[in-house]
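Engineer: Using the hints, position chain W against chain D.
Those protein sequences? They're chains D and W, same order as listed. Under numbering that gives the first Met the number 0, think of the first position of the first sequence as 0, with each following residue one higher. Under numbering that gives the first Met the number 0, think of the first position of the second sequence as 0, with each following residue one higher.
If you are wondering where the hints come from, they were derived from the structure by calculation, not from laboratory data. From the three backbone atoms N, C-alpha and C, an ideal C-beta is built for every residue, glycine too. Take these hints with a grain of salt, some might be off.
What the hints assert, rightly or not - Once the Cα atoms are required to be at most 30 Å apart in a straight line, the calculated DSS-like pairs of lysine-lysine come out as:
id : chain 1 : residue 1 : chain 2 : residue 2
1  : W       : Lys69     : D       : Lys151
2  : D       : Lys117    : W       : Lys69
3  : D       : Lys180    : D       : Lys151
4  : D       : Lys117    : D       : Lys35
5  : W       : Lys69     : D       : Lys145
6  : D       : Lys106    : D       : Lys117
7  : D       : Lys180    : D       : Lys35
8  : D       : Lys78     : D       : Lys128
9  : D       : Lys180    : D       : Lys147
10 : D       : Lys180    : W       : Lys69
11 : D       : Lys35     : D       : Lys106
12 : D       : Lys128    : D       : Lys117
13 : D       : Lys147    : W       : Lys69
14 : D       : Lys117    : D       : Lys78
15 : D       : Lys35     : W       : Lys69
Stated by the list, open to error - Here are a few chain D residues that face chain W, going by a calculated C-beta distance under 8 Å:
id : residue
16 : Ile7
17 : Gln18
18 : Ala21
19 : Arg79
20 : Ser138
21 : Tyr139
22 : Phe140
23 : Glu143
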Amino acid sequence: MIDLRKRIWGAAAAVALAQTLALGWIVVDRIQLLRKGQEIVLPVEPVDPRSLFRGDYVILSLPVRRIPGSVPGERGNLKRGEALYVTLERNAAGDWAPAAAGREPPKGEPSRDRVVLKARMHFVSGTAKDLDVRYGLESYFVPEGKGKELEKLVGKRQVQVMVAVDRNGNSAIKGLVIDGKRIYDEPLI
Amino acid sequence: MLTSQNRLRGDLERWIAKGWVTPGGAEAIRAELAARRGPGLAGTLAVLAAVLLGFSAMSFVAANWQGLSKLMRLLLLGAGLWGAYGLAVALAARGLQRFAEAAVLAGVAIFGASIMLISQMYHIEGNPPEAVLLWALGALLAGVLLRSVTALTAAAGLALLWSAWMMTLGGSVHFAFLPLWAAIALAFHWLGAASGLHISLATLAGWLITGVVALAIDRGIYTGYTTHCAVLSLIGTAGVVGAAMVADRMPRLRAAAAVAAGYASLVAFWGLWMLQLLEPRADLVRLIVLAAITLAMLVALVAWGWRSGQRALVWLGYAGFSIEILFLYFRTLGTLLNTSLFFLVASLIVTCLAALALRLHRHGQSTPETRP
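This is chain D alone, in the form it adopts within the complex (with noise of 0.2 Å):
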């Protein structure tokens, strides 16, 4: 039963502004890595709409959460969910592919043609020990009924997600790009 102390009205101001700045510190962590944080844009594979607690969304599938067996970096004894970091380059045509993958984050710094990701670990298959991971940017979370709208659009067109990460290997996701055309770009609030 809830007491009623000499100090409750301050113990319930106490309690909604701890929640209040809970939820603002991961809005204000969001903005400043959406501002700050370096932009790369990966190529996405066709996606289907789901519906869940969040409501609709699209799953964005990212060639880039496979990382090939022939990738330097850890393989043994990876745990599901387990955190990784993975480097991704920027070969001559543009495109970003997996270079490295390890517990640790790597040494040397990024540059514009390198970034590092943090990931989880999803699953090891094939005897080349190929990793799956996941990078946190797979769900892309639409208005009520847009999301098949998007599923055709993503069939026909080229698209891209165009992704924020900062140094420590954080990422966010930016806004969708369709054809080379920023489409659901998304407002910092």
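Structural biologist: Below, chain W without anything else, positioned relative to chain D:
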């Protein structure tokens, strides 16, 4: 709640007749019961209303409605959050405790909806259970600072959801649950909430069971489960034995120990049942041994329930016994010869146990002061 009040009304008549309670005292007790009943129902409805409001907030978020900008939606939920806690204080000031509890619950629900809105706004896929952890921490904070049992109950449920989700994703035991669980249990104790013991133990039992089920699924149902289920049973059995020892040595804690024994036995039997359910049919000897252990433990539980006057434990034991027998009945319908052999052995065991139960029953009747 209503039934216990009705029983108390009946008891009051008897107590007046026996001269234990004065008619004046009985009148005062009845008046207080009557005063409690009205707001009790209204308060319960208010809690249900808060739950509905919470789901309304969550579906509002899920709709991702474009009629309001993201910022406006966030501000709307923020205003709802502050409004709910403000309302809780205003209601508590008027003595409407359960309404205030409902308002706190609404605040906690809006906090959860806000987390979902933000992760939707920024397409944060991340690790979804972590959002549930943040929600649980917010509920715990509200429970402690506002001394709200309802908020603590929500925190316990969310903590279990967080950990169960982690275990399902990771396929390993998630020990990080325990400190959070301990903090919530401590908060219940600090508030002196009677329901806290049940909620704490139920969530702990739920965590143990979910953990073993997650492990069993991860390792493959028919290969890696045995040790885990056996450990689950041993933990439960240790809990029952520990509770019995506490009850014997510290009479003050006897009621609490019986509650603990109830949940611990649930854990123990869950492990035993999983072992028996997942047992490949060929290994009949092992199944018989497991069934014998289960039945013996159930009889011991019933016996202790009688001896210590804990009716709930007796019923738990009877229910478990019926389930076990029924399970054996269906389980042994394999080959006819095996079935026959199994029923012969099972019937001998059950006959012995029945004789034992009869003796214990008589023992219970001969000492009426310890009967439940």
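Engineer: Please write out, lowest number first, the hints stated earlier that are contradicted by the structure.
Structural biologist: none
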